[in-house]
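Using the sequences and the hints, build the whole thing.
4 protein chains.
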Amino acid sequence: MVEQEGNRQDLGFGTRADTTSRLLNKDGSFNVRHINQGFWNRLNIYPRLITMPWLPFLGWIFAAYMVANTFFALIYVGVGVDNMMGAENTQVSAFWSSFFFSAQTLTTVGYGHLAPRGFLMSSIAAFESMLGLLSFALATGLLYARFSRPTPHIRFSKVAVFAPYLDVNGWMFRIINERSNQLIDVEIEVSYSRMVTKPDGSRSRQYSILKLERNKVAFFPNNWTLVHAITPDSPMHDCTEEQLMDSDAEFLILLRAIDDTFSQMVHLRYSYRCDEVVWGAKFRPMFNGDTRTMVTVDLNKLDEYDLVPLN
Amino acid sequence: MVEQEGNRQDLGFGTRADTTSRLLNKDGSFNVRHINQGFWNRLNIYPRLITMPWLPFLGWIFAAYMVANTFFALIYVGVGVDNMMGAENTQVSAFWSSFFFSAQTLTTVGYGHLAPRGFLMSSIAAFESMLGLLSFALATGLLYARFSRPTPHIRFSKVAVFAPYLDVNGWMFRIINERSNQLIDVEIEVSYSRMVTKPDGSRSRQYSILKLERNKVAFFPNNWTLVHAITPDSPMHDCTEEQLMDSDAEFLILLRAIDDTFSQMVHLRYSYRCDEVVWGAKFRPMFNGDTRTMVTVDLNKLDEYDLVPLN
Amino acid sequence: MVEQEGNRQDLGFGTRADTTSRLLNKDGSFNVRHINQGFWNRLNIYPRLITMPWLPFLGWIFAAYMVANTFFALIYVGVGVDNMMGAENTQVSAFWSSFFFSAQTLTTVGYGHLAPRGFLMSSIAAFESMLGLLSFALATGLLYARFSRPTPHIRFSKVAVFAPYLDVNGWMFRIINERSNQLIDVEIEVSYSRMVTKPDGSRSRQYSILKLERNKVAFFPNNWTLVHAITPDSPMHDCTEEQLMDSDAEFLILLRAIDDTFSQMVHLRYSYRCDEVVWGAKFRPMFNGDTRTMVTVDLNKLDEYDLVPLN
Amino acid sequence: MVEQEGNRQDLGFGTRADTTSRLLNKDGSFNVRHINQGFWNRLNIYPRLITMPWLPFLGWIFAAYMVANTFFALIYVGVGVDNMMGAENTQVSAFWSSFFFSAQTLTTVGYGHLAPRGFLMSSIAAFESMLGLLSFALATGLLYARFSRPTPHIRFSKVAVFAPYLDVNGWMFRIINERSNQLIDVEIEVSYSRMVTKPDGSRSRQYSILKLERNKVAFFPNNWTLVHAITPDSPMHDCTEEQLMDSDAEFLILLRAIDDTFSQMVHLRYSYRCDEVVWGAKFRPMFNGDTRTMVTVDLNKLDEYDLVPLN
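Residue numbers (full-length UniProt numbering), protein chains in the order written: chain A, 1 to 311; chain B, 1 to 311; chain C, 1 to 311; chain D, 1 to 311.
Calculated from the structure, these hints are not laboratory results.
The reader is advised that the hints may include incorrect statements.
Pairs count within a copy or across copies, as identical chains cannot be separated in the list.
[Said to hold, decoys possible] Okay, derived cross-link-like pairs now, DSS-like style, lysine-lysine, Cα gap no bigger than 30 Å in a straight line:
hint	residue 1	residue 2
1	Lys301	Lys198
2	Lys26	Lys216
3	Lys211	Lys198
4	Lys198	Lys216
5	Lys282	Lys198
6	Lys26	Lys158
7	Lys282	Lys26
8	Lys158	Lys198
9	Lys158	Lys282
10	Lys211	Lys301
11	Lys301	Lys282
Structure follows, in structure tokens:
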């Protein structure tokens, strides 16, 4: 029994995950909720700032800039704008003079038509300018991190298919690199997960790694069709479409590769639920025109397939 | 004999480590003191600045800023503030005028209501502004390094347990990812270390790698209970609680994983001493509510267990 | 049949790639065209800015600087230069005053002889100075990324050769590290690709990994000659120069290494087409002078060979 | 014969390296000279700036700063300081006024007591301030790269020893981590290189990997003594001190590890020449005081050994 346990292949989800909803969302996140996380862990600031889309990111930066300036403007007003040289010529209210002075200090542009006078005003300005440097440093780090974070742009075919393959059938899906920068040493692991009813009637989720016709390529210039041949030793052998649906089956995919531009590891998760598998279908070749001259791949054909009888 | 030696599994501590105190501290540092380190090696500036908490870090930066400004202020005073245009209008003493001028130079805010006059003053200011750029550059690097340093937020159960496992017993502990950013390819190595008395009466520390029910998972969305089954070939076979305590046993854990957000390797060390192992206890499931709809994990339940009879 | 498929060694090109032009260009890019890429994917900004040569890169930065300043200059002119203190003394037109003011704001140099007056002008300037910081931050990140990107400077011999090797013949090429920074754990994979005519007359591309006399070295201080011995089990056994040319043969090379200066993985692709293979030629040693005192390698000799009879 | 070749273990030096001087210098660089490198490859700017000591590095930066300012100063003088507002009050010559103005522009401190007047002067200043940003960005990148570059501070014992080991003898050396930041998964490869005289009288260098009692540790908190047992299958079996000297033997060491602070790979090369091996010596333990309370390692003892008779 101990030995058997050793062969479990649940990829880390655990047999308890007897949920009927999908385990892995389309965006690669897990369909799991954590409660009672610590405050900072739930906040998780840095990773969020790195992974959020550009618009909200720039929005946050602008907001922070406005808040900081307002905050310091109020302080300067409190100290008194009579301690600010040139405030009389700005043709704007005391608050806005302070606001713009703050902006000029924070960004270290420091025109000087506004300048601090007296100890208090000068100290606050000196402090703010230091904050300016640090926040700037921060922005630099964040922008760099956002850019340099390796994100593979791999598109998966909308559906997986059951297709005749050689003298048997095969479960297939295919992927393509949407970007021009190359991925090398691309490696793929597919796990087949489904609910099984134990003799005692209780249901639990089982997992098995699907053996792929090939699970690693050194280069990935074209599209790549991944094939699991339904041989007698396949966990899907003799499995019908109905059984697949009944068992809440889900195909979990983990992709590992190396981005050639930055020589960094990249990872991608994806999954196909049983209702995203087409039975008796064959992907159309994605090559376009005469491949003799130059191989041309049409990304729009990724999801195209023809219905065919199975073996 | 040479062959035997080849099979040593001390993870790198060496048999000499016959200390009665724990080998590995809770924070993952080693309970080892190095003496006669070189000055710079003991100082170890950069790693310290990177790993120290945020408050002291910012404190150091602020301190450096104050020191630098004071230093240059004194120089400017020495040169004479009559070489500083506008010093007469600042309404503060010569020193503070110089101090604020230094601050405005170091941060390159350079309002200009204070400006250098004459060769000496101008050269020093020119030099300081260059230092300003460099220190700023430094701050940028440090901030970025602090943020981008991958630190896994994995919580270990407070105690390990001896629990019935299948038809035998097992030594178990469990972990959970406190953060939302995913870890993948999580791999764990556990080494069982204890003092043994040789026939000649001398005591020395022995180590053995504990075979785990599974030592690697591709995904880590939920909690993970690691199990070492006490099979006849286990070094802990027939070991009683008393023997465990007498032998100063310690369980050393090395965790390797890949942070999915930054695609970086992360490492974690942890250890359980014999007095942190509960005999005849079983971890409570961490799942919360109805798992059929969505898997919900309650982090507060990580340390919860029930006492149970052993096989 | 399924088993056979499992042994395919096409490195990821796929058997469909029945093109007569080379698969891998000299610069390591693939001879594949993708159509219908998404806009951003085709643009692929960041990797481009990182990989483009220095001159165009600096050109783009300068262009961006000019465009931004012109853009803001027009806005300032619109707002009216009478809202800009000092504009009357610049001795240039309103546009150029605005242009230079914009430049001084964007770079945060902010002399102050030009300064904003009134709410509108001040706000725009405050906004531009923030943009200045961000763009600066961006430039920092880009420059750093460009520099720190590990690019191996390995030169491949212009041609590969068929040379006598021990008691048989061998297919050989050689490489040298042009730079002084060391590469370690250099690993090479060579795949032999050619068109074969199936019994049914259809032609398809076949691939086989070439077994190398050695495919990995820990150090790489000198030149390295890679040798595939034409033993009976070699896919090139009994292959004549004519057959090689007829089959559109191409030798695809993938090099993996670790740059010792930055401890980063580096990768390189290269290929030799059949017409770049010299039959019956032997590389000249690259050592120079008396190697007893110090090993001296002459990079100019990399491509030199002598014609020799084959075994 | 082809098979034999396959077993060569020269780590990448090649058998041609029949030099009598050491292959690997103490600093880990190779004793190899490359001639006819391309200009940029010989210059190899970036890696140099990263790896050079701090003092020269800062020297170069300061020099660049001076040169740039002088260069622009001359241009400004050429344009005429009458186009520079405030130049009349600086109390220094036209050149120095321009020099300091350049400095204030390059560092973007821009006090403004000096400011450009007229189109030409303004454009040049605008251009210089852009250069300022870029050079600053560059400095940031360089400083960060210098700091974050992982450099293991591992000290090797000055000499290797031949010591009795269990029931045979062993060749040993030992290492210690000088820093406090941990290295994990430390892996070591030792290659034994010596000149051998072929039957035909010609001498060539041979290499063999030395099997180590253990070549990898997960943790490295203490010192680590690496042992190659002289068993009958060892290439050093029956080798006497004289033979070792005659054969110009050298022990080449490659260390791989992972720096735990930054989770980065680190590498180190080292070598012992035959004249750095002491016959019949045993390293003294490095532990200090009572190890029962806490393990204390004394770095000064690294090189200490006692002479002992061999088995």
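Going down the list of hints, with the structure as the test:
In the homo-oligomer, the alpha carbons of Lys301 and Lys198 lie at most 30 Å apart only across protomers (28 Å), although the nearest pairing inside one protomer, at 42 Å, exceeds that limit. In the homo-oligomer, the alpha carbons of Lys26 and Lys216 lie at most 30 Å apart both inside one protomer (23 Å) and across protomers (24 Å), since each shortest distance falls under that limit. Taking CA atoms no more than 30 Å apart as the test, Lys211 paired with Lys198 passes in both settings, with 25 Å inside one copy and 28 Å between copies. Within a single copy, Lys198 and Lys216 get their C-alpha atoms only as close as 35 Å, which misses the 30 Å cut-off; across copies the closest is 26 Å, which meets it.
Taking the shortest Cα distances, Lys282 and Lys198 sit within 30 Å of each other only across copies (23 Å), while inside one copy they are farther apart (35 Å). For a Cα distance limit of 30 Å, the shortest separation of Lys26 from Lys158 inside one copy, 10 Å, qualifies, whereas the shortest one across copies, 35 Å, does not. Within a single copy, Lys282 and Lys26 get their C-alpha atoms as close as 23 Å, which meets the 30 Å cut-off; across copies the closest is 36 Å, which misses it. In the homo-oligomer, the alpha carbons of Lys158 and Lys198 never lie at most 30 Å apart, since the shortest distance is 33 Å inside one protomer and 34 Å across protomers.
In this assembly of identical chains, Lys158 and Lys282 lie within 30 Å of each other by CA distance solely inside one copy; the values are 13 Å within and 44 Å between copies. For the homomeric pair Lys211 and Lys301, the shortest alpha-carbon distance inside one copy (26 Å) is at most 30 Å, but the shortest distance between copies (37 Å) is not. Only within a single protomer do Lys301 and Lys282 lie at most 30 Å apart by alpha-carbon distance; the minimum there is 12 Å, versus 48 Å between protomers.
Checked against the numbered hints listed earlier, the structure breaks hint 8 alone; every other hint is satisfied.
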